[in-house]
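These are the residues of each chain, in order.
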Amino acid sequence: MKKMRIKVGSVTYAMKAKDVLRQYGLRVQIIKTAKPMKNEGCGYSLVVPATDLNVTDILRRAGVEALEVKWET
Amino acid sequence: MIYFDNAATTYPKPHAVVQALQKAAVRYGANPGRAGHTMAYKTAERVYAARTAVSDFFSLGSPENVVFTKNCTEALNTVIFGLARRGGHFVCSDLEHNAVARPLEALRQKGICTWSTAHIAEEDAQTLLNFEKALRKNTVAIVCTGASNVFGKRTPLKALAQLAHKNGIPLIADAAQTAGILPISMQESGIDFLCAPGHKGLYGVMGTGILLCNCAHTLTPLTYGGTGTLSALLEQPEAYPERLESGTLNVPGISALEKGVAFVKTTGVSRIFAHEMHSVQKIEEGLRQMPNVLLYTDLSESSQGYVPLLSFNIRGLHSEETAAKLSEVGIAVRAGLHCAPLAHETYGTKELGTVRICPSVFTTEKDVNSLLNSVFKIAKAV
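Those protein sequences? They're chains A and B, same order as listed. Numbering of the first sequence is given in numbering that gives the first Met the number 0, commencing with residue 0 and proceeding in unit increments. Numbering of the second sequence is given in numbering that gives the first Met the number 0, commencing with residue 0 and proceeding in unit increments.
It is possible that part of the hints are untrue.
To be verified - According to the in silico footprint, chain A covers these stretches of chain B (three or more CB under 8 Å from chain A):
id: 1; stretch: 151-165
id: 2; stretch: 215-228
Unchecked claim - Okay, derived cross-link-like pairs now, DMTMM-like style, lysine to aspartate or glutamate, Cα gap no bigger than 20 Å in a straight line:
id: 3; chain 1: A; residue 1: K31; chain 2: B; residue 2: E44
id: 4; chain 1: B; residue 1: K165; chain 2: B; residue 2: D123
id: 5; chain 1: A; residue 1: K34; chain 2: A; residue 2: D56
id: 6; chain 1: B; residue 1: K365; chain 2: B; residue 2: D4
id: 7; chain 1: A; residue 1: K17; chain 2: B; residue 2: E234
id: 8; chain 1: A; residue 1: K37; chain 2: B; residue 2: D4
id: 9; chain 1: A; residue 1: K31; chain 2: A; residue 2: E71
id: 10; chain 1: B; residue 1: K376; chain 2: B; residue 2: E234
id: 11; chain 1: A; residue 1: K37; chain 2: A; residue 2: D18
id: 12; chain 1: A; residue 1: K31; chain 2: A; residue 2: D51
id: 13; chain 1: B; residue 1: K349; chain 2: B; residue 2: E320
id: 14; chain 1: A; residue 1: K2; chain 2: A; residue 2: E67
id: 15; chain 1: A; residue 1: K17; chain 2: B; residue 2: D55
id: 16; chain 1: A; residue 1: K37; chain 2: B; residue 2: E327
id: 17; chain 1: B; residue 1: K349; chain 2: B; residue 2: E131
id: 18; chain 1: A; residue 1: K1; chain 2: A; residue 2: E67
id: 19; chain 1: B; residue 1: K376; chain 2: B; residue 2: E327
id: 20; chain 1: B; residue 1: K41; chain 2: A; residue 2: D18
These are computed hints drawn from the structure, not numbers from a lab. We treat Cβ as the ideally placed atom computed from N, Cα and C, and that holds for glycine.
Could you put together the complete structure from these sequences and hints?
Listed below in structure tokens is the structure:
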């Protein structure tokens with residue numbers, strides 16, 4: 000199953016994103032960002048199951064910026 | 000003990016608040032927003048739930064703009080120092096607590112900013128004029144309490160927010176005596192920064208406070224350090240609330256605060272106000288009939304202009320002497336200057352201070368009668 004990994008600005012934004020996406024029926028997992036960029040350090044990401052919804056757009060409208068998006072199987 | 004010192008901190012706390020403290024210590028013992036293990040996530044979830052509860056309670060609409068502090072004073076310092084710039088000027092009311100006056104005075108003594116006061120008049124229209132006159136070209140913010148912590152006098156915050164915005168500056172509100180007592184909507188009031196203690200009208204525990212940010216100004220942090228994000232950078236991250244929350248959070252206190260807010264919401268702010276105002280009016284009515292008792296406000300005339308607390312003195316006694324005599328019979332009140340010399344100067348009570356009475360939602364008719372009987376005995380013996 001395809002998944003999206005979305006990097007967000009903080010654990011608070013990760014929690015907010017989880018809350019917002021739950022309203023769209025999406026079950027989101029929060030993880031520490033794996034292999035963060037050298038010049039950034041610690042951070043949080045969301046693991047979102049594949050969906051037809053435009054997740055980044057939903058998050059942007061809720062005030063959560065997707066700093067990086069990666070698709071994986 | 001009969002407790003009438005609720006303006007300093009409410010006591011007792013609701014059962015759910017006390018339970019939440021213990022539960023947090025046992026179940027949410029990890030550092031939120033730092034590690035990636037299960038308990039750290041669960042703890043972060045609890046903190047976020049508290050942010051959401053506070054955001055909803057004050058109609059803020061953005062949990063990420065709820066900053067947890069250790070008390071209202073720290074919240075006020077964060078905003079005042081966060082907005083201060085060299086050559087700037089602040090206007091505050093003449094009823095402010097030292098939580099506002101001292102940071103402003105520190106800025107003045109360091110040669111960074113100046114400040115001036117505006118008189119809170121009986122009529123709101125006059126108060127607005129006083130603030131308008133005090134504004135200068137270099138004023139960076141208006142700071143105003145929602146109500147005096149000594150005399151209970153309320154201030155027109157919504158109108159002050161409009162005045163501030165007309166002049167392109169933010170309004171900082173000190174809600175130490177109004178959060179949980181009066182309905183406050185961040186969206187309707189236009190307040191830009193609201194500072195409140197968690198341990199007074201919100202019935203949380205000591206060591207908690209909140210700063211609600213409702214505008215685009217990015218504050219310079221008061222404290223710098225670990226936030227759990229962007230750790231490779233030496234600069235403080237921009238994003239709220241972490242920008243202003245360096246270091247480990249008081250998770251038990253924050254969890255308890257969530258329950259305190261739920262308690263206030265369930266009980267109803269208007270019911271709490273009505274109950275406490277009824278108690279204070281009964282106390283005032285009784286004190287008015289006693290010999291040698293001096294009162295400074297008249298709640299029977301205009302209870303809507305006040306929050307439920309009052310100050311009094313007994314002729315011939317220093318306020319501290321009266322408070323000590325009440326303490327001897329098991330009644331807890333606060334005497335002296337209440338960390339608000341500006342307010343005492345305004346009301347002409349700086350020399351003797353006053354005895355402050357502040358009930359809570361738990362105050363009973365019996366408590367009120369015991370207080371009145373005790374004050375009567377003291378006043379009669381003078």
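Taking the hints in turn, this is what the structure says about them:
no.	hint	verdict
1	151-165	violated (count 0)
2	215-228	holds (count 3)
3	A:K31 to B:E44	holds, 14 Å
4	B:K165 to B:D123	holds, 17 Å
5	A:K34 to A:D56	violated, 25 Å
6	B:K365 to B:D4	holds, 16 Å
7	A:K17 to B:E234	violated, 27 Å
8	A:K37 to B:D4	violated, 53 Å
9	A:K31 to A:E71	holds, 17 Å
10	B:K376 to B:E234	violated, 62 Å
11	A:K37 to A:D18	violated, 29 Å
12	A:K31 to A:D51	violated, 25 Å
13	B:K349 to B:E320	holds, 15 Å
14	A:K2 to A:E67	holds, 14 Å
15	A:K17 to B:D55	holds, 17 Å
16	A:K37 to B:E327	violated, 64 Å
17	B:K349 to B:E131	violated, 27 Å
18	A:K1 to A:E67	holds, 17 Å
19	B:K376 to B:E327	holds, 13 Å
20	B:K41 to A:D18	holds, 14 Å
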